[in-house]
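Student: Read off the chains here:
There are 2 protein chains.
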Amino acid sequence: MTNINLSDRARNTPPSPIRKLAHLAAKAKKSGIHVYHLNIGQPDIESPREFFEGLRLYQQKVVAYEQSQGNENLCIAWSKYINKTLQIHTAPEQFLITMGASEALVFLFMTCCDPGDEIIIFDPTYANYLGFASIAGVQLVPVLSDMKNNFALPARSEIEKKITNRTRAILVCSPNNPTGTVCSREELRFLFDLCEEHNLFLISDETYREFVYDDHKPLSILHLEPNSKRVIVVDSLSKRFSLCGARIGCLLTCNEEVIAATLKIAQARLAAPTIDQFAAAHMLEHIQEDYLEGVRSEFLLRRNALYDALKEIPDVVIHKPQGAFYTVVQLPVNNAEDFASFLLSQFSYKKTTTFIAPAAGFYMQNSQGIQKARFAYVLNKGDIELAIEALAVGLKQYKGQ
Amino acid sequence: MTNINLSDRARNTPPSPIRKLAHLAAKAKKSGIHVYHLNIGQPDIESPREFFEGLRLYQQKVVAYEQSQGNENLCIAWSKYINKTLQIHTAPEQFLITMGASEALVFLFMTCCDPGDEIIIFDPTYANYLGFASIAGVQLVPVLSDMKNNFALPARSEIEKKITNRTRAILVCSPNNPTGTVCSREELRFLFDLCEEHNLFLISDETYREFVYDDHKPLSILHLEPNSKRVIVVDSLSKRFSLCGARIGCLLTCNEEVIAATLKIAQARLAAPTIDQFAAAHMLEHIQEDYLEGVRSEFLLRRNALYDALKEIPDVVIHKPQGAFYTVVQLPVNNAEDFASFLLSQFSYKKTTTFIAPAAGFYMQNSQGIQKARFAYVLNKGDIELAIEALAVGLKQYKGQ
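First to last, the protein sequences are chains A and B.
Under my numbering, read the first sequence as residues 20 to 420, first letter to last.
Under my numbering, read the second sequence as residues 20 to 420, first letter to last.
FYI, nobody ran anything at the bench for these hints, they're computed from the structure.
Worth double-checking, as some hints may not be accurate.
One copy or two, it doesn't matter: identical chains are merged, so the pair holds either way.
[Unchecked claim] Dumping the calculated SDA-like pairs for lysine to any residue here, alpha-carbon to alpha-carbon at most 20 angstroms:
# : residue 1 : residue 2
1 : K48       : K167
2 : K49       : E112
3 : K248      : N24
4 : K49       : Q78
5 : K39       : I278
With the hints as constraints, model all of the structure from the sequences given.
Tutor: Put into C-alpha cells, the structure is as follows:
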C-alpha cells in the first residue's frame, strides 16, 4: 500500500517540554532510582475533603450530559467563592465551565481570533500556550521579559513594537507560570490601558491567583476593571485545590457576546465531566476558609527552601519568585536540556535524582532559555532540599565530565 | 470605549441543532408542561453499577493529572473488552483516551489534515462534526445518502466526484447518527478499498457499534482491516454504557505515527479526567456480559415502538433504522424547525409535549433536511408512545392553523 502521511501541523507540533524527558525518568525509576519531580506543576498537597464528600454525594443513576455552559450550581458556587474571597461582584451567568484552564484558553483563542490573528504573550511563557495557539491557528507574538529585571513586564515601547493590525489580544499570566513573577496593580492597569488604546482583548490567566507571598495579596484584573467587555479571566481549580486531575476550569467575563459565542464552540464538545463538576460545586460551597491559607503557607516554606538551597550553588542565577510555585533558574551549563537528561539517565546520588524542565521549551525565542530550567516547588520542604542536594552533586559531576 | 469584536469564526459557528430550541423547552417546563426529549441522544438507561463501584474505589488523596495518553489500566481494559466482544486483536498501546469521541475526532482532524484540507462525510451527518471541522479548520465535503435508499452509502461515482487533491480522509459513522443506518461488511470493504486507491485515511466512528438490531451483529472496520495504517477507529463509552457525562472516548489505531502525533496535541490539554478514567477501567474489567444485551433489547423495543407509532401518522415518511438509537423522519410540514418550535411554545396535550431535533442542522446541504427531523428513541416504550401521540395531535393542530 502507499504510505499515508500525517498533516504538517501534526508533524510540527512540539512535544511538551514538561513531559519531554518523561521516558528517561521512567527508565531511572525502573532501575530503582527515586526521582524528585520538580519538572511538573503537580502539587502533592491533599485535595480538599469537601471534594471527596461531593463525589460520595453523587447519587444519580444515569451519568448524563451536563449543560454545555457548565453545572448551574458550580457556576453559582464559583461566583460566590470569588465574590467572597476577592471582595468583588460577579454573577453565575458570566461563567462558562471548561475542561481545565487549557480548554478555556483554546476556546478564547478561537472566539477572539481568526486563523492567522495574533496574541501578544510574554516570553518565557507557559509552554502549552503554544499548543493551544497551534490548535486554534493563532500566532503568538512574544515580548521578552528579562530575567535581570525579575521577569517583570517589558516596557511599553517593547510591547507596542509588536502590535500589528492582526493583534487581537494580550495574554497575561500572573502569578506567572513559569517565572513566579507577580504583576502589581500598576502593571495590570498599564496592560489594560494599552489594550484600551489599541482595542485589544485582555486575557488574564489567574490560575495561580491565590498563590502569592511576602507582601502580595491575591489580585484579579476584575479588581481594576470589573465591567470592561475587553477583559476575560481564565480560572481553574487545578492548582488552587490540588485538583489537576478533575479537569475543571472556567472563563469569566461580563462580555455576553463572548459567553454566547464561546458557548456555540463549547456545544460541539457537549459538556465538561458531570461528576467532577458536581463534586466541585459541593466543595466550593463548603470549603473551609483556612484551606487555602494552609496551602499558601506550605508553598511559602517550599519557595524559601528552594531559593535558599539554589542560592548556595555557585554560579546559579535565581530570582525570588513572588507567586505561583515555579521559578526559572539560570544554570552554569551550556545546555540545560543536556544537563537535565544527564541527571535522569547517567547520574544518581544516594539512589535519587532530580527531574527539572529545560526552559528552552518555555521560550518562543528558544535560545533565551538554553541555559535555564524551570523548577516547580511542588514537593515538601525536606524533599526539595534533598532534590537540590542531588542536583548540586549532579552539577559538579556533569561539569567534571 | 471602542467596541471590541469577536472573530468571524466565532460569529459564524452554527449553534448545535440538538440544543438550539432548548430555551423553548425550558420555558414549557416552567409553565408546568412535561417535555418528552426525543431531541438528544441522552439515554435514560442506568449506568452500570460497576462504574459507581469504581468511583467508590478511588482512594487517592490527591486528584493528580493522569497520563496524556490515558490511564494505563483503562487502555488495557478497553483493549481486552474489544478483543473479547469483537473477537479481534488490539493492544493497549494502540489506544489514546480522549474526552469523549468528540475530542478524539478534533484531534484526528488535526493529525490528518492541515487547515483547508478536506474530509468526505455522508449527508445527513452528526451535526457536531461540523463544529469539530470548524475548530480544526477542516473542510467537510458532503456526499448525499438518500432517504429513498434508507440512507445507505452513495454510489462510488458520487463519492469519487468529490475527491480532490486536498481530500485526506473519509469519515464514516456506522451505526449512524442521525439516520440509524448500518453499513454492511461489503460497504465497509468498498469504503476501505476506495481509501486505499486514493491514499486516504478511513476514520470509523463506532460509538454505536453494539447497538444493532434484527439480523445485524456488531461490526468494526478492524474485523476487515486489523493491520492497516490508514484505519483509525473512534470509540466512546458514552452511549454504550450510558455514561455520556463521564466524557470518555478513545481513538484506536495500529498506526504508531498517528498515536505519537496525536499524543503531542493531547499533551497540550494535559489529560482526560482522572477519576472518571479510574472508574471506567474498573467497570470495563468487571462488567457483566449481559449488561449490553439487556440494553440492546431495550432499544430494540423502543425502536419498534417509535417506528410503529410514527407509521400510523398520515404522510410521515420513515425508514426502519437498523442501529444506534436515532432515525431521520420526513414530516408533512413545510418547515420542521417551525413545527418543532410550535410543539414547544404553542402547544400541549394532556400537559405534555414532544421535543424533536429539526434535521436541517444535520445536513450540510440544509435544504435537504428542511422537512425532516431527527428522533432519538432514548425514552422507555411507554413514554415514546405518549410522545408520538402528543406529536400526532400537535401535527393536526399545526396543520389546521
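Student: Please go over all the hints and tell whether each is borne out by the structure.
Tutor: Each hint tested on the structure:
no., hint, verdict
1, K48 to K167, "neither (37 angstroms within a copy, 62 angstroms between copies)"
2, K49 to E112, "between (49 angstroms within a copy, 19 angstroms between copies)"
3, K248 to N24, "between (43 angstroms within a copy, 10 angstroms between copies)"
4, K49 to Q78, "neither (41 angstroms within a copy, 25 angstroms between copies)"
5, K39 to I278, "between (35 angstroms within a copy, 16 angstroms between copies)"
Going down the numbered hints, you'll see the structure goes against 1, 4, while the others check out.
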